Structures are given as C-alpha cells and as structure tokens.
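All chains, please: the whole structure from these sequences, using the hints.
Sequence lines, in order, name chains A and B.
Counting from 1, one number per residue, gives the positions in the first sequence under my numbering.
Counting from 1001, one number per residue, gives the positions in the second sequence under my numbering.
Since the hints were made in silico from the structure, they are not lab data.
Note that the structure is predicted; figures quoted are calculated from it, not measured.
Check before you lean on any hint, since a few could be wrong.
[As the list claims (entries may be wrong)] Quick partial rundown of chain B residues pointing at chain A, CB under 10 Å, derived from the structure: (1) GLY1262; (2) GLY1270; (3) CYS1290; (4) GLU1324; (5) ARG1328.
Glycine is no exception: its CB is placed at the ideal position from the N, C-alpha and C atoms.
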Amino acid sequence: MFTGEPIAFEFAGSQWWLCALGDRAVRLELQIQDMSLASCGAVQHLSAALHAKQTHFSVQAQVPAYASLMLMLQPGSDLPDLAAKLLAFFSTAQTAISLKEYSLKEWAAPLVQLQLLPEPGLDAALLADAFGLSVPQLLSQFCAAQYRVAQIGFRAGFPYLLGLPPELSLPRRASVRAQVPALSVAIGGAQAGIYPATGPGGWHVIGQIAQPLFNPNGFPERGGAPCWLAPGDRVQFLC
Amino acid sequence: MLAGAGRSRAVFMLNVKESLNCRIIKAGLSSVQDAGRLGYTKFGISHGGFADPDSAHLANLLVGNSANSPCIEICESRFELRANESVKLACLGAWVDLCILDSDARIQRSVAAGSAFYLSAGETLRVQRWFAGRTLYLAFAGQLDLAQALGSFSTDLANQFGGLDGRMLINGDVLPLKSNPAAFTREPASGARPIPIWSGADLHTVPSLRFLAYRGELAAQLHLQHYQLTPQCSRAALRLKGVALQIDAALSSALSAGVIHGAIQILPNGEPLVLGVDAQTLGGYALAGCVIQADLSKLAQLKIGAAVQFECIDRAMAARLNCEYVNRRDRQLGAVLASC
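Dropping the structure here:
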C-alpha cells in the first residue's frame, strides 16, 4: 500500500525521491538538490524518458525544475497506481539504453541564438561597475557563455537559465522594480533570465532582445508551441 | 459631400442587425472562465479555469450547454449585466440574492440562484447581496462567442491572454453570444427547485480543508490550527493568518519546484498560503501539504474573514472522501440533466 512517504529510486545513475503531491501529482526530486548543469541534465533526461510514456502513466502534464520533475495526473487516475508504474519503469534496464539515446539527442539539439539589442540594459552600467568591467566587456563575457533552460515559470515563457559565468553573478536588487520592460535579459544571483512581458521584477537588467518569447497563438517555427524556449534548450546570446 | 457621407452611414447602420450580446454594467471582480488549459505547465502556463468547477458545470447544464462551456466567474462584488435580446441564464455557486431590473432600473422581480431564468431584451440582472460563498457562475444558453487561446476560453490574468482581451471584465464590456435555438424553444421547468450547492453545515462550523501531508515536517504543526482567510485572496493564491509555524532554514531555502492548485505553502513568516487555480507552476516556499480534490471547490467558496482549519488526513481517508465527492457530484449532475 502506497502511504505517500517518499520512496528512493535510482534513474540513470542519479538518486531520486518519489514524493506524492496531494492526490493529483507526484514530484520526482533529486536527492542532492542543487542548481547545476548536471542536475538540469538529469531532470531533462527523466522528463524525456517519461514523456514518451505519458499515456501509459496517465500523466497529463509535466513541470521540470532545477532539480525536480513534477507529474500531474489525468483526472480520475490513481496516484498509487502511477507510483507503482513509475517504480517498475525505473527498475528496468531500459533506462540505460534511453540514456544513450538521450545523450545523442541532447548534444545534437540545435542551439537557440538570441540577438541582444545594441542598447545596454537599465542596470548594465551598475553590473559592469560591480564586476570592475566596462559595459562592452560585461556584454561580451555574458555572450561568451552558453546557457541552458533549466525551468520555465514565474510568467509564461520566462526561462531560468543556467550557465552564467560565476564572476557575473550578483544578488537580486534590494527592491522589486515595478515595470521591467518586456524582453529584458536579466541576472538574478547565479541565474540569468528573460522577462517575456513588461511587469514587476527584481533582477538586474543587462540588455534586451527583440525575439518575442510568448505567443498565445503559438509559434509556427516552434511547432505551434506558445513559447520560443522550452526546458532543456541551449541558448546563446549574440552581441 | 457631407450630406452624402451622412446618408451612407445611416444606410450602413440600418443594414446591421444587432447581434445577440450582453453588456456588463457593473463588472465587479469578474472574468471569463471555462475548464482551463492543459499541457502547457512546462511553459509556465497554469491550468487555470473554473475555481469551483462543480457549480460551473451545473450552471451550464441548467441552460442546456455542455458542462465545460465558458461562463462568467464572479468573485464576491457588485455585478450587473444587461441583455439586448431575450437570453436564458443560470447563476450558481455562492448563495446570493438576484434581481432583475427593467429598462428604467426599477426592480421587477427576484430570481432564484440555482435555476434557469430568462432575461428579456433591455432587462438587467443584478447580483444584489452575497450571503454565503465567494464565487458565482453565470452561464448563458448558447455560449459566449469568444475565441479560444491555447485550447481554452479561460482568462489567464497573469499572462494576459484568453477570455476577453486577457483581462478581468470592466464596466461597459460587450460579450457577444452565440444563439442556441434549442434553448429558446424550451421554457425553464416551472416550479423547478433551486439546487442547494452550498453545504449548509460549513456555514455553522469552522470549515475544514482536508489535506495530505508533504513529507510531514510541517503538516503535523498545521493540523487543526485556527486560521482566518485574509483579503489577500485571488485566483492565484489565498493567504491566511493565524498561528505561525516553525520552519527550519533548510526548508525555507529550497529550490523552486512544480506546485499545483491546493498546495499549502508556508511563507517565511510561518503563515500558510494556499495556491489557487491560477497559481504559478513553480513555487519555492516550504510545502506543508496539498488540499484534496474533494475540498477544492470549497476553497473557492470560503468567504474573506472565514475561520479555517486544516485537517491532515491519511491517503485511505482521502481516497474515500474523494470517492464520496465524485458520487455526490455525479448524482447532482444526473439530477439536473434529468430535469432539463
């Protein structure tokens, strides 16, 4: 009988917890919770492996995050049943094969390039000062790094990007700015992100892009998806 | 030249047959909602939709629509709507006093919530008083004639799309309606009794929100403590005040992760915040547990200021309560279908 207590499992070499989230969802959490490219890769791998079996598991939707993956159940389906099916899936050898397939796909995935507008962002001078750089040096260091979308949330299409060079990380602003302009590229602690629409935000704005990130009618170039970026995407900024 | 322009304009106006619509006179806190949108959570788009689907489904069935047709969802506030042609409506959810005003704004008659009724051309429906509950659904026979966005008519307020221009309704909005010939050939059943949706027991006792623990650390602390619903309530979240829980540093510095409607987050000050139907898909606060399916509609009906308790139950009890809830709901839907 599934009581809802977290259950430990292994998937493709990493250690996880299976936790029930109420009666309608489960969270698969990495036992080591960190914001690293390795954790993000493990979550993406798990997400892809389960996506292929979404119908079998009666899963309606997924929410990948830095070090966890949430699965929402279809209405009327049974959570203990899902837990049992998942654990059976994780204990099979198939996962090792899919890890190889996944790695191939992952490295072959096209890079999404985003052009920064020439005008530096609202906080570019402040950021450059904080790091002892000129604004052009700041932008070129920011653009030299390669980023990965770890999770999308806060607002539709807001990507949380891993890969910011550690020397460019800066704690969030002391106060939240009421109106961060749409498509602002920003730094918040060790993360980078992009505000899809104008609204409140506490991150330091380094620049702006022109490419819309959210379109409720869907982007035909993205197979009709409402967001330009998806979790797992690799991103490079051009300046 | 000028005269000619005036004449052609007049001709144009004569040729336009005014289509069926209704005008929002007082919008209060209202928005267009349906069953919500699925499958976009990984893009940060929440499921959304009816905050109290049980009431919305019944309202739709009463006017002959399918259960998940778009409705106007009204959160406790003054609301008035005028029809330009005769339209069949049903109001259901909170226990309210409804009246119909004639074109001179005189009260003509009162109508019972929980049954279908007609609004004639030029008449205004007014939600007069709110006795119990916080969320009311207004269903139109023949449906609202709006465009879907990402597979739903629901208004996503945070991301500003869906519904009517992605926003709350405002005074003066005109909502086009699709006419539904079937709805006009049938009179509402005479003497049809209103449907008691609101559980009377909850008005007299402290409503309890049953929940399943998330790893237990905070659930035991939360169990049966007394809280009060603060005015900081929206479709996205309901904030409560009361006993502050002790959160250890490890829990409050957790990475953000997926959350769902009904999840009980504990804020850094130790007070709970229950996520609503429009909650963000990711949450970083400590999680005490999650309200069970059977109590989600109740969440939408708690009044501001209401006393609330959280009752931590086990999975077997949750399964039983959910099963009873589904049976009760299906019986109610069946009874309405049989009476229409």
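Each hint, compared with the structure:
no., hint, result
1, GLY1262, "6 Å, holds"
2, GLY1270, "21 Å, violated"
3, CYS1290, "3 Å, holds"
4, GLU1324, "13 Å, violated"
5, ARG1328, "15 Å, violated"
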